[in-house]
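Just so you know, the protein sequences line up as chains P and Y, in that order.
For my numbering, count along the first sequence from 1 and bump the result up by 907.
For my numbering, count along the second sequence from 1 and bump the result up by 427.
Please keep in mind that the hints were generated in silico from the structure rather than gathered at the bench.
No experiment lies behind these values; they were computed from the predicted model shown.
Watch out, some of these pointers could steer you wrong.
Short derived list, chain Y residues pointing at chain P, Cβ under 8 Å [as the list claims (entries may be wrong)]: (1) Leu820; (2) Leu870; (3) Ala873; (4) Ala883; (5) Gly886; (6) Leu914.
The beta-carbon is built from N, C-alpha and C at its ideal position, and this holds for glycine as well.
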Amino acid sequence: MRIALFITCFNDALFPDVGQAVVRVLRRLGHEVEFPAAQTCCGQMHFNSGYRDACIPLVDGFTAAFAGYDAIVTPSPSCAAMVRHHHATLAASDAATRAHPDLQDRVAAVTPRVYELTEFLVDVLGLTDVGASFPHTVAFHRTCHSVRLLGIGDRPERLLAAVDGLTLSPVPRADQCCGFGGTFAVKNADTSIAMGDDKVADILSTGAEVLTAADTSCLMHIGGLLSRSGSPMRVMHLAEILAGPGPEARR
Amino acid sequence: MTVPAEPVPPIHATTRRPLPTFRGTPPFPEAARTALADPQLRANLRRATTTIRDKRSRVVAEREDWEQLRLAGAAIKDEVLRDLPALLERLERAVVAAGGVVHWARDAADANAIVIEVARAHGTTEVVKVKSMTTQEIELNEALAIEGIDVWETDLAEMIVQLGHDLPSHILVPAIHRNRTEIRDIFRDEMGKVGRPAPADLTDDPKQLAEAARRHLREKFLRARVAVSGGNFAVAETGTIAVVESEGNGRMCLTLPDVLITVLGIEKLVPTWRDLEVFLQLLPRSATAERMNPYTSMWTGVTPGDGPQEFHLVLLDNGRTDVLSDQVGRQALRCIRCSACLNVCPVYERTGGRAYGSPYPGPIGAILTPQLRGIAHHPVDKQTASLPFASSLCGACFDACPVRIDIPEVLVHLRAQVVEHAARSHRIPTPEAGSMAAAGWVLQTARRLGRAERLASLGGRVVGRRGAIGRLPAPGWAGAWLRRRDLRTPARESFRAWWRRTGGRDDAR
């Protein structure tokens, strides 16, 4: 199986550790990962902000970069949802202009092979125990796009539950949005922060040592609030926990 | 309860202060800031939305066929939108055949003029009103006040809003932003100015408040000769109009006066009587979390000797045909005004309804108001243009919607319309459009992205401390982020640079 890592522009620039963690997990499970160097961005920010025209070249670039792989794995549910739900529509809207020949066919070939990390581990590799160890209490934030757009359900929780030594601490009002919302976080900063403050209070009420989620963007927002308030809570992407050393390494 | 034998003479209220209006509401981010600064409002909203949200989840979970009901509801409404002209004419024929009068109103001014004309023809100086979103949309109360005709809102929450010289903030519970003590104060201070006063020893006990409202309203019900209502559904096949309410005030207005005027948005149709079955299951569970609606009134034209002897149906367009012409946006016309999307919306929960600057607040307001104001066809004002952005796109609204309106999809669609209007009307791109164009250019090739990452990394190291950028007086979006949130500095080495250097082999840096 040829596996490509879709790092996402956001993790590439800000959170390279997340990508390295994905590579580590997959390699430990015996899979080789390639990084197609031509990849850039799925277009989600432009699409959700109303700049649809700017997305078409990005869709074109995405299909070119990832053509030919059996699986394209990404540590971002919202980018995976963007590709799966919207690349086809964007390609269809481009079809009339014929600016990018065969774009619809290329999108149709690539998008079904895009998997969010936990989907890939649970559905494709059929695993929940990835052989990691993490002896800490962890609060898990369910990101909206992972639950509502991508429908990954409890896959992240199942993976976390199988991590050696990890205790999951349930977050109250877990289905509530943290308030990130892409450009919403800056265009409606006051509302975004009010939502984030409530989310932080719910997360802190768990008494967990570590906050994790399947998407870095929400973690950047919640983590930014935690960091400003001087909270000692650590913020880690799910992949970083799954990449943690196995129990034997700990001894 | 004692009912007065003789109608009480009216106290005219046309000398009141000017009626409050949504006009002049600032763009959403600014209006939200005001609302967020009010701790009482936030506490009231949080309590109310959490309660109704939990109740709704429970009663919806009771139905194994909920998803099929949603699909059926959406399909019936889509059929209505597809066949609207024919169905409207069918409704008109059925209403006329049953003794009603049908009026067609292109816009708010048309509709208000029709209502005023009918009221004047009967020489009335007051009307009683059933709660109605459509008449708020057309600002009927204001139009009638200008003509010297008093309007009495008879829905409890609408009455609280009206007595409090206030604006509604929720579709179903327009006084959701008020708590019991505030309501007690409004009743005590205001009821006597426009009718039967509240008892001097009124407390904030809900029973006492309801009794005061009942007595205050009763004299208006018994006196009024003209009533105005909206309608939840209109059955094209039979000409039947349905009003769904939970207090019985609607039933009073619909049966006691001599004349009834119903203002109905043209999308409120269902093709056949049988279709009501679907909506009378979907609506109460989604709206008030009730299994069955308490007061469902239905009437067909005029029945001699029973109820109003003159019935006027005003069919209102007011932008709806424009919405219908937008293939993505038209799903907003399926809306049955249940408010489930408001109750689950994390933005609405914090800002309340008035920040949306329209009688239609929350997620549905954010997609309906701009469309009714013509966003698909021409540039709109700044407040209207801000509405599609008043969402984190979390998707809770779509999950809750009983007629499966994909609100996030429409929000993003309307954002694109706002961006296109801005591009056409600005010869020089706005700062936002400029940044987006620049980002789009950078993201087109991996080489450009790699360079930008190296630049960002350098910049981050200049302003960052210990891997984070803290409080910083920055302009625009950076400042908006950093006001309360730290930002991780861009990595010293991006992932792609690390991969190029190590081939993904060296993960100990």
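Each hint tested on the structure:
1. Below 8 Å, beta-carbon pairs count as interface contacts, and Leu820 of chain Y has one with chain P at about 6 Å; its hint therefore holds.
2. Annotation: Leu870 of chain Y was flagged as interfacial toward chain P, and the flag holds, the nearest CB pair being 4 Å apart, inside 8 Å.
3. Among the interface hints, the one on Ala873 of chain Y holds; its C-beta lies about 5 Å from the nearest C-beta in chain P, closer than the 8 Å criterion.
4. Interface restraint check for Ala883 of chain Y: the shortest CB-CB distance to chain P comes to about 6 Å, inside 8 Å, so the restraint holds.
5. The restraint placing Gly886 of chain Y at the interface with chain P is violated, with a minimum CB-CB distance near 11 Å, outside the 8 Å limit.
6. The closest approach between the C-beta of Leu914 of chain Y and any C-beta of chain P is roughly 6 Å, which is under the 8 Å cut-off, so the hint is satisfied.
Violated hint for the displayed structure: number 5, the only one.
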